[in-house]
Amino acid sequence: MAGCASAPPDTMPRTPPGQPSPQQGQTQPLPPSQRQAPPQVPADRGGPSPSRQNQSRQPDTPPKEAPPQHAEAVSSPAVMSLMGRADTLAGSGHMDDAAATLERALDLEPRNAFIYQRLAAVRLAQGQAGQAEQLAQKSNSVAGDNPFVEADNWKLIAEARKTAGDAKGASAASSKAVNYERSTAQYSQ
Amino acid sequence: MARQSNKKTAAASGGRPRRSLTRRLLPYLLLIATAGAAVLALYMAHLDHEVRAKFEGTRWKLPAKVYASPLELYAGQDVSEKELITRLQRQGYRRAASVDDAGTYNESGAGLALHTRDFQFWNGAQPDRKLRLGFDANGVSSLKATDGEGDLALIRLDPQLIGSIYPNKGTDRILVKLGEVPPMLPAGLITVEDRHFMSNWGISPRGILRAAIADIKAGAIVQGGSTLTQQLVKNFYLDNQQTLSRKGKEALMAILLDAHYSKEEILEAYLNEVYLGQDGSRAIHGFGLASYFYFQKPVQELQPSEIALLVAMVKGPSYYDPRRHPDRARTRRDLVLNMFHEAGFLKDDAWQAAKASDLGVTGTAARGNTQYPAFIDLVKRQLKGQYKDEDLTEEGLRVFTTLDPTVQAAAEGRIADGLSRVEKQRGIKADTLESAAVVTSIEGGNVLALVGGREQGYAGFNRALEAKRQIGSLMKPVDYLTAMMQPAKFNPITPLDDSPLSVKLATGKTWQPGNYSNRSHGDNVPAYYGLEHSLNIASSRLSLAAGIPNIIDTLGKLGYEGDAPAVPSLALGSVSMSPLEVAQIYNTIATGGYYTPLRAIKDVTTREGEPLNRYPLKLTQTVDAGPAYITTWMMERVARHGTGAGMYSTIDRSKTMAGKTGTTNNLRDAWFAGFGGNRLGVVWVGRDDNKPAKLTGATGALPIWSHIMADINTRGIVDTPPDSIAQVPLQLIFDPNAANQGAGNNPNQWFANGQSCSNAVKVPFIKGFVPQGLLNCDTDIMRVNAQQNQPADNRGRAPRDQDNDQGSWFERIF
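Chains A and S, in that order, give the protein sequences. Each residue of the first sequence is one higher than the one before, counting from 1 in the UniProt record's numbering. Each residue of the second sequence is one higher than the one before, counting from 1 in the UniProt record's numbering.
It is worth saying that the hints were derived from the structure and are not from the lab. Some clues are possibly wrong.
[As the list claims (entries may be wrong)] In the DSS-like style, the derived pairs of lysine-lysine whose C-alpha atoms are separated by at most 30 Å in a straight line are:
#, chain 1, residue 1, chain 2, residue 2
1, A, Lys176, A, Lys155
2, A, Lys176, S, Lys618
3, A, Lys176, S, Lys767
[Stated by the list, open to error] Counterexamples of contact, computed for chain A against chain S with all Cβ distances above 12 Å:
#, residue
4, Ala73
5, Ser81
6, Gly93
7, Ala125
8, Gly127
9, Gln128
10, Phe148
11, Val178
[Claimed, not checked] Stretch-level coverage of chain A by chain S, calculated; a stretch enters the list once three of its residues show a Cβ under 8 Å from a Cβ in chain S:
#, region
12, 94-104
13, 108-120
14, 141-147
Treat the numbers as computed from the prediction; the structure is a model and nothing was measured. Using N, Cα and C, we set each Cβ at its ideal position, and we do this for glycine too.
Sequences and hints are given; from them, build the entire structure.
Here it is in structure tokens:
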């Protein structure tokens, strides 16, 4: 019975929070803690696997290494540039342009949780509570095990629900946010 | 003097004047002349009005221009240097020693030097830039600006112009200004067509005389002798009839035009009006569009040999069509180059170089609407209802689409090759098979490629949208997804009965699904295996237990808008769908349950670039992440171990892919639908007359699908189990050929090593619904586990954290 395709061996770290582009390792200086990363990808995931950056984390060193808290850690310079542009546009009230710029970033890294999160924030600022919640949920779904991202997403969802007049849902979301925030404590130095 | 004295005499004499005949007729003649002049004047005034109204009013109806999605260049982009150069050439970029001009590149140094074109995007203008790109094994490794205008993290290439939306039998053009075309173009036109253009009055008496002599000699009108102004008038105001009165009217109008407007205005109008070719029912007018039509680049970038060819074609665009009659075209182009040289605006060496160069026109495929008819069709359908026809055909709107020309080229190429190959291999009559394909980006729901048939560039029946065929086993992932939404009843190792089944229908008939292999695989088949090997009977039982109405409900959640028949055979795909509809359904599964409407258009702007309409990303979670994840996991097994395993003879084994084959009754339709991490593809193969194609999904559609996905560097699926998923390592031992209902003669062997089972596979369950008593390293056969499972401590393992399971796992379905 051959091994299962979707179940990586134990040496594999879990899901990458956001999916960095394949060439991440070459194009962006990694934080020192990630520099000693093995240069080779595990054999069964060779080739231009999009999870390379993540694989560079050492899963066997307890305590668990903190998942990325900021977009910089998982996003290519190209995506960072677009997110910066989107921030500027949003800051000056050009919400549609900001959203379009974030969509452009998503075309580059379609599973980057931070981009979905910012797009959710833009939609919320536009009063599109429904889309804001959906995008924040989508961000959760690609974030993997990242309480930092998930806490922020649940805060966004709480806001969105409040905007939509769903007080009960908002408070449920808020307590989820609190829970995730609490679980980030395990990563505190 | 004499006359004066005469007059005086007459007046002085007071007598009756003696008049000559002429003198007596003079008043009448004058009257007639005056009347004639008046009529002529009136006619001239009428013509004048016509000339001015047309010239100054909305002169040209401008069809909407449709663009492909622009290629983003950035460090980290997985595009090789070779692929990028192919793309640049497709977009008419020119290899040049130095990249001083926009639209040029050079790969001789380290990396690739590139000078991009400026472009008015939907979110503003992007100036042209000079860059240097570095490459490594993964693609673009560095991007540096070399023009001193500041650093860049990324830049878009100008998007490829892929078509226009023009009325049936319409004219198409792209406006250019006189000041922006290469000066050699107007100068060359004047040299070749009308040497005295700058000084004549709109007509050339000499030319007319010459033409008249030729006409008289021939006894018919054979020669134009027209000035550029006359040619413009003819193109602009008149039809192509060559009668004498037409010629007169043309001459008068030319004089009027010349009197009213400057030479520059007339020349610019000519550049935009002149007829330069035919593309099916679309007439190519003006040098702006002709430049794209023949060379796929803006007119500014035309080289002397290209300018000469276009100028040469003015004389007879179909006679000198460089694609159909390259020799004729070349002879005339060289003649024109000689005239350029004699006139002094082409120096010796440039002249020689231009004559030595080939025609340089892009292939018949690389032109406008006929290149991507199926995709343009989809674009039109999506625009319909939002814009009036006139808005689309007259206002010069700009439509920015999701088409990726590289993906499209791969899909077209692989379909053409794949059909020919399979026809040959299987002794099928050549050219009897047809095919259609859709490729999407998964996230974002972008349609990257759409192929409507094997004959590329043929704007006929768009099978990707219109061919609705039974989907067969492509339906099964929807069945299993529906089942996994009921975690109390189903999980990936729920035992299914694959023994013969017959169901009494409401119609009184009996439905008896059979397996493709005509055999049963026992009454204890783990659910995942049923999908992996596309077992019809086991899957039918699962579907009936999950509920056909629930399956229809799932179809709706996945984005299917049609009516599916509420009959048991729906479980096996007795519903007809187009490839695009299938792509929508699978796309929702691939996103993890986020329905994202497939879109072909992202933005529409005015001609000037003002945004009109945006089609933003919209997503809605319609299916829970857990069931979607389990379904994808099972489809990954189809790809690794099941009916889709053939893909890995083409696709890199390290990539996790998911998919499903589909084959319909009597082998009429062969389907494959599947996805990796960032691309989803659907391929259909069959016959237009719906006769048996004699192919299965695995033999007919899968090879084409695999090649497309490999060509476009589809990434593998990144395993992201959602929070609602619990993974249990299990030994998947079920083998229908083994004794003991697939468990083999000695199932105890699997339990010898306790909790160490390196061969185990992490099987996903919905949290809270892991079957009671299931332990790590158990097998996929619940019956076998049950025999081993008492007590758990005896096997040296603690039971997993369990839920109080409602669905007793040993209970078989039916």
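Hint by hint, here is what the structure shows:
| no. | hint | verdict |
| --- | --- | --- |
| 1 | A:Lys176 - A:Lys155 | holds, 8 Å |
| 2 | A:Lys176 - S:Lys618 | holds, 25 Å |
| 3 | A:Lys176 - S:Lys767 | holds, 18 Å |
| 4 | Ala73 | holds, 15 Å |
| 5 | Ser81 | violated, 3 Å |
| 6 | Gly93 | holds, 15 Å |
| 7 | Ala125 | holds, 14 Å |
| 8 | Gly127 | holds, 14 Å |
| 9 | Gln128 | violated, 9 Å |
| 10 | Phe148 | holds, 15 Å |
| 11 | Val178 | holds, 16 Å |
| 12 | 94-104 | holds (count 7) |
| 13 | 108-120 | holds (count 4) |
| 14 | 141-147 | holds (count 3) |
In this structure, the hints that do not hold are numbers 5, 9, in rising order.
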